[in-house]
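There are 2 protein chains.
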Amino acid sequence: MRTVTKDNITDVFLGYFGKDTDPRMREVMASLAKHLHAFARDVNLTHAEWQKGIEFMEWAGQISDAERHEFVLLSDVLGLSSLVDMINSTPEGTSSSVLGPFHISGAPDIPFGHDLKRHFEGPVLLARGRVTDPDGSPIEGAKLDIWQTAPNGLYSSQDPDQDTYSFHGIQTTDADGRYGFTTVKPVSYTVPTDGPVGDILNATGRHPWRPSHLHYICTADGYRPLVTEIFPDDDPYLDEDTVFGVREDLVMKYVEHPADTFPDGFDLSGKVTEPYLVADFDLRLVPEG
Amino acid sequence: MRTVTKDNITDVFLGYFGKDTDPRMREVMASLAKHLHAFARDVNLTHAEWQKGIEFMEWAGQISDAERHEFVLLSDVLGLSSLVDMINSTPEGTSSSVLGPFHISGAPDIPFGHDLKRHFEGPVLLARGRVTDPDGSPIEGAKLDIWQTAPNGLYSSQDPDQDTYSFHGIQTTDADGRYGFTTVKPVSYTVPTDGPVGDILNATGRHPWRPSHLHYICTADGYRPLVTEIFPDDDPYLDEDTVFGVREDLVMKYVEHPADTFPDGFDLSGKVTEPYLVADFDLRLVPEG
Chain E
8 MRTVTKDNIT DVFLGYFGKD TDPRMREVMA SLAKHLHAFA RDVNLTHAEW QKGIEFMEWA
68 GQISDAERHE FVLLSDVLGL SSLVDMINST PEGTSSSVLG PFHISGAPDI PFGHDLKRHF
128 EGPVLLARGR VTDPDGSPIE GAKLDIWQTA PNGLYSSQDP DQDTYSFHGI QTTDADGRYG
188 FTTVKPVSYT VPTDGPVGDI LNATGRHPWR PSHLHYICTA DGYRPLVTEI FPDDDPYLDE
248 DTVFGVREDL VMKYVEHPAD TFPDGFDLSG KVTEPYLVAD FDLRLVPEG
Chain U
8 MRTVTKDNIT DVFLGYFGKD TDPRMREVMA SLAKHLHAFA RDVNLTHAEW QKGIEFMEWA
68 GQISDAERHE FVLLSDVLGL SSLVDMINST PEGTSSSVLG PFHISGAPDI PFGHDLKRHF
128 EGPVLLARGR VTDPDGSPIE GAKLDIWQTA PNGLYSSQDP DQDTYSFHGI QTTDADGRYG
188 FTTVKPVSYT VPTDGPVGDI LNATGRHPWR PSHLHYICTA DGYRPLVTEI FPDDDPYLDE
248 DTVFGVREDL VMKYVEHPAD TFPDGFDLSG KVTEPYLVAD FDLRLVPEG
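As they're listed, the protein sequences go chains E and U. If you're matching positions, the first sequence starts at 8 in the working numbering and goes up one per residue. If you're matching positions, the second sequence starts at 8 in the working numbering and goes up one per residue.
Among these hints, one or two may not hold up.
Each pair may be met inside one copy or between any two copies, as identical chains are not told apart.
To be verified - Computed cross-link-like contacts, EDC-like style, restricted to lysine to aspartate or glutamate with a CA-CA straight-line distance of at most 20 Å:
#1 13 / 49
#2 59 / 74
#3 278 / 289
#4 26 / 206
#5 41 / 247
#6 150 / 228
#7 26 / 142
These are computed hints drawn from the structure, not numbers from a lab.
Starting from the given sequences, assemble the full structure and let the hints guide the process.
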């Protein structure tokens, strides 16, 4: 009879793997069990705490659906999502940052110069730049999937007053690798706190704020997909993003321009009466493999 | 601006705690993040693997309900449940073992000598013993919550053909600390494999079998609750219980007795025509505090 003890249970677990287990599956599961067991031992986890953890996971499962992904948010506030981003980033390319739980598929194609702001109130932001390879050569035909919150701090999927694809769009770069659109300046906002993740933040004395940002997913044939965000350098939550998404190369200055001149390809004549902001940001993709 | 890197993210996480955070909450969450981050670093977790993990958790949430607790099963097959049991066991008392996902509350009170087997087919098992303190003094009025599968390997909550409390009952010990009942000999059975935990077992080449057992929860005023199981020493899965529940002191011999004699208080005259089995097992409870 095999006697399992608190000292040998990790080894017993490793001994249960089948001979034909995929080596990577074995590596990941072995490390997961090793660290999970070490956690329980380090803190002498009690039955009541274990029970609380189980109830937490069940609640996170119940509150999740096609549009709300509480386990993503949990991974985000624990820093796991950002860590995975950083582990898989390479210095030659633009840093990746958290996908977050609010990306939706199927956003409409938008032309260069498109206005995502439409009738919404708030400062105008003109975002533009180039998608290049690590040497700075333009990538034509790259797809840039763009999404952000409305001025009320809500993504369209959280807000019954917005259309499905409000503040969402996919742009294709031209021969110079250029993208460009106008929108409303993003706002700082809070992650959802009405579920189990909100309870964790509350119990550990953490605020739920994220610095304002534009989300980008950039893809191009032959290059690694890039999931990232860009941040203005004057946001008050830049030092303590509750999901750890800020990277040095993703922080930039939004530069003020006078209201009466717009670059070629952008036409907001008559719609802009105050100075507007420009975010110039180039994305460097890394070849696959 | 605080630059979060893959090397400092664990420290940044620890720095986010509010000043008034409960010290135990801080200890548990800090250790959890430390080990979770170490896991991701050790295996260089990819985005695709992270995504797979998120989908796994969402599926586990979707398949869980009041009667199915997939996160408990996940904890069980990862060895976490057993480890928590062992961390919180003391050598003066009977070892604890996994609660499992199938305990239900509100089982009926049953008198000494009660027959849980009723009309079900299978070998008769007479289970009896005493509940004592660590010195062997009897504990009167202890409650023993008993549950097991039917001969088909299913708990009542898994089986529409069984009553809610089929093979469930709560017995109260007498002045000598005694309990005793008859039932059908438990069978080895498989944990549910139609959910995400089944996929893990399959992907790691593990079987889903548990050695046969009787579940007990024993409680008494002034003593720590004991959640445990007892196993016969001839079960083929004793060496590789898929939930790691076997402990040396919980394994025992089921002794065969002739069909024509029953101990006082048990009356199966006319119902038993073949030799029956007796499981003598004493439970030692540890005082609280």
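Results of checking the hints against the structure:
1. Within a single copy, residue 13 and residue 49 get their C-alpha atoms as close as 12 Å, which meets the 20 Å cut-off; across copies the closest is 23 Å, which misses it.
2. For the identical chains of this complex, residue 59 and residue 74 are inter-copy neighbours only, at 17 Å across copies versus 26 Å inside a copy, given an alpha-carbon limit of 20 Å.
3. Proximity of residue 278 to residue 289 under the C-alpha cut-off of 20 Å is found in neither arrangement, the shortest distances being 27 Å within a copy and 84 Å between copies.
4. Taking CA atoms no more than 20 Å apart as the test, residue 26 paired with residue 206 passes between copies only; the shortest distance there is 17 Å, against 42 Å inside one copy.
5. In the homo-oligomer, the alpha carbons of residue 41 and residue 247 lie at most 20 Å apart only across protomers (19 Å), although the nearest pairing inside one protomer, at 30 Å, exceeds that limit.
6. With identical chains, the CA atoms of residue 150 and residue 228 are at most 20 Å apart within one copy only, with a shortest distance of 10 Å there and 67 Å across copies.
7. For a Cα distance limit of 20 Å, the shortest separation of residue 26 from residue 142 qualifies neither inside one copy, at 46 Å, nor across copies, at 46 Å.
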